[in-house]
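J.: Chain by chain, the residues run as shown.
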Amino acid sequence: AQSVAQPEDQVNVAEGNPLTVKCTYSVSGNPYLFWYVQYPNRGLQFLLKYITGDNLVKGSYGFEAEFNKSQTSFHLKKPSALVSDSALYFCAHTGATNKLIFGTGTLLAVQP
Amino acid sequence: GAVVSQHPSRVICKSGTSVKIECRSLDFQATTMFWYRQFPKQSLMLMATSNEGSKATYEQGVEKDKFLINHASLTLSTLTVTSAHPEDSSFYICSARPSGGAETQYFGPGTRLLVL
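Chains as they are written, first to last, in the numbering used here: chain L, 1 to 112; chain Z, 1 to 116.
Careful: at least some of the hints might be erroneous.
Stated by the list, open to error - 25 Å max Cα-Cα, derived BS3-like pairs, lysine-lysine: (1) L:K99 to Z:K14; (2) Z:K14 to Z:K55; (3) L:K69 to L:K49; (4) L:K49 to Z:K41.
Said to hold, decoys possible - If you want the footprint, here are the derived chain Z segments under chain L, 3+ residues with CB under 8 Å: (5) 44-51; (6) 102-110.
Hint data in this document are derived by calculation from the structure and do not stem from the laboratory. Note that the structure is a prediction, hence the values are computed from the model and not measured. Ideal placement from N, C-alpha and C gives every residue a C-beta, glycine not left out.
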């Protein structure tokens, strides 16, 4: 089955340090991959997407993600974490049906 | 740009009543909108795909007679939870995909439903 996996339920990082939130995919064909962020009791905000082109995708709030075909990964990264980045992050893909299929989410906690 | 609103943001109702949730794309037209349900500390579960001017497509296991969806215009979709029961209490989130073949969905802020 086509899916995305987020292997970490929670990631802890100190403010100012680089952060990585992991995502791997199992999608046949060319994957359309997305990252969304959810703050408490809020809907999801779009961060970035990979459709085609450059493997390094830059998005909102200083986030970026690298599409790695050989490792089937699409990890989300930021060079310097902020306390305000603390939130729930979802990786997702759209398959042939154009429906978004979400990973289980990773809670990012940035300590001051 | 690409703002989606939901109304109400929070609703409390008695068991047996019906609740309508509105989803609007404020600055773009959306032929397709989606309705999701999210349980605490869990991912989003797609309930149905709402297509303007036609019937919604429901995911397996979602009762179409219980969760009525209407997509009457290119900027508005509504979800009505009929005869709500406490197990319907959840966080309901809609999204809209801009018309014209765009891949990105933009999400509303969600509606917290509590059925007593």
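J.: Hint by hint, say whether it matches the structure.
T.: Cross-check of the supplied hints:
With a C-alpha separation of about 33 Å, the suggested pairing of K99 (chain L) with K14 (chain Z) is violated against the 25 Å cut-off. The straight-line distance between the Cα atoms of K14 (chain Z) and K55 (chain Z) is roughly 28 Å, outside the 25 Å bound, and the hint therefore fails. With a C-alpha separation of about 15 Å, the suggested pairing of K69 (chain L) with K49 (chain L) holds against the 25 Å cut-off. Note on K49 (chain L) and K41 (chain Z): the hinted pairing holds, with a Cα-Cα distance of about 24 Å set against a maximum of 25 Å.
Only residues whose beta carbon comes within less than 8 Å of a beta carbon in chain L count, and the region 44-51 of chain Z has 3; three or more means the coverage holds. For the region 102-110 of chain Z, the proposed coverage by chain L is satisfied: 8 residues have a C-beta within less than 8 Å of a C-beta in that chain, meeting the threshold of three.
Hints 1, 2 from the earlier list are contradicted by this structure; the remaining hints agree with it.
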